[in-house]
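Numbered according to numbering that gives the first Met the number 0, the sequence shown spans residues 0 to 225.
Treat the hints as calculated values from the structure; they're not laboratory data.
Do not rely on the hints blindly, as some may be mistaken.
Claimed, not checked - Per label pair, the in silico range of CB-to-CB distance: (1) Ser112 <-> Trp87: 18 to 28 Å; (2) Lys48 <-> Gln165: 37 to 47 Å; (3) Lys155 <-> Asp27: 34 to 44 Å; (4) Trp111 <-> Ser160: 15 to 25 Å; (5) Pro14 <-> Trp87: 22 to 32 Å.
Said to hold, decoys possible - Pairs of lysine to aspartate or glutamate residues, derived as EDC-like cross-links and limited to a Cα-Cα distance of at most 20 Å, are as follows: (6) Lys155 <-> Asp138; (7) Lys155 <-> Asp94; (8) Lys155 <-> Glu6.
These numbers were taken from a predicted model, which means no experiment stands behind them.
Glycine included, each C-beta is placed from N, C-alpha and C at the ideal position.
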Amino acid sequence: MWQREREQFGFAVVPEVLEWNEIQSLVDSLSEIGLSRSKAGIRHMLRHKATAAIAYDSRLMAMARHVLDTDATPFHATLFDKSPNANWLVVWHQDTALPLQERAGAEGWGPWSVKQGAIYAHAPATALQRVLALRVHLDDSTPENGPLRVLPETHKLGVLSDDSIQEIAANAAPRDCVVATGGILAMRPLIVHASSKSRTYAPRRVLHIEYAASMNIAEGLRLASA
Numbered sequence: 000m001w002q003r004e005r006e007q008f009g010f011a012v013v014p015e016v017l018e019w020n021e022i023q024s025l026v027d028s029l030s031e032i033g034l035s036r037s038k039a040g041i042r043h044m045l046r047h048k049a050t051a052a053i054a055y056d057s058r059l060m061a062m063a064r065h066v067l068d069t070d071a072t073p074f075h076a077t078l079f080d081k082s083p084n085a086n087w088l089v090v091w092h093q094d095t096a097l098p099l100q101e102r103a104g105a106e107g108w109g110p111w112s113v114k115q116g117a118i119y120a121h122a123p124a125t126a127l128q129r130v131l132a133l134r135v136h137l138d139d140s141t142p143e144n145g146p147l148r149v150l151p152e153t154h155k156l157g158v159l160s161d162d163s164i165q166e167i168a169a170n171a172a173p174r175d176c177v178v179a180t181g182g183i184l185a186m187r188p189l190i191v192h193a194s195s196k197s198r199t200y201a202p203r204r205v206l207h208i209e210y211a212a213s214m215n216i217a218e219g220l221r222l223a224s225a
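Using the sequences provided together with the hints, build the complete structure.
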């Protein structure tokens, strides 16, 4: 059923994918790493053994490969840790930037940037349609602690300008993605989404893992693992 919802609406909640003890083990491992926190989250989490193990877990791989292709693989992961000490809001947007191994003059790609030593470029819709994000919830996501908010079916509209996004958001009915610990939110990067600040002391930690149908995301362009 979640596959039909994801296809139609651009997102789907899949409950109880990981057991509580698996989540707790990951949380303990992250505490031991001693990650430095930034306001927007912690990038390049595939470099850490514990999070890479989750990304390559057979259950998540099966989900990604069912949607994308039998060769689908994770290429990027970010840890979002929203709490009273690190609280933020995110305006309506699409996830269009992808990490690449090198810069090239491919049509439809750009602007380009470098973030924490990695090359990124904003991608065209043809490439982003080959990407799926699986958001692993390490805590309960509730209406009070700044859950992801989406505009259903906007993933079908292609890459939108900022003005178009704001116009659509002003006239659309948003959905809050409330997910219990161990559940996964599957989403397309082109779905318009946002989140508000948390209004509670309850933490909201999410491991956001991106999968691609192939590391060769376009002719002459190869994704970087980060």
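Results for each hint:
no.: 1; hint: Ser112 <-> Trp87: 18 to 28 Å; result: holds, 20 Å
no.: 2; hint: Lys48 <-> Gln165: 37 to 47 Å; result: holds, 41 Å
no.: 3; hint: Lys155 <-> Asp27: 34 to 44 Å; result: holds, 40 Å
no.: 4; hint: Trp111 <-> Ser160: 15 to 25 Å; result: holds, 18 Å
no.: 5; hint: Pro14 <-> Trp87: 22 to 32 Å; result: holds, 26 Å
no.: 6; hint: Lys155 <-> Asp138; result: violated, 30 Å
no.: 7; hint: Lys155 <-> Asp94; result: holds, 14 Å
no.: 8; hint: Lys155 <-> Glu6; result: holds, 10 Å
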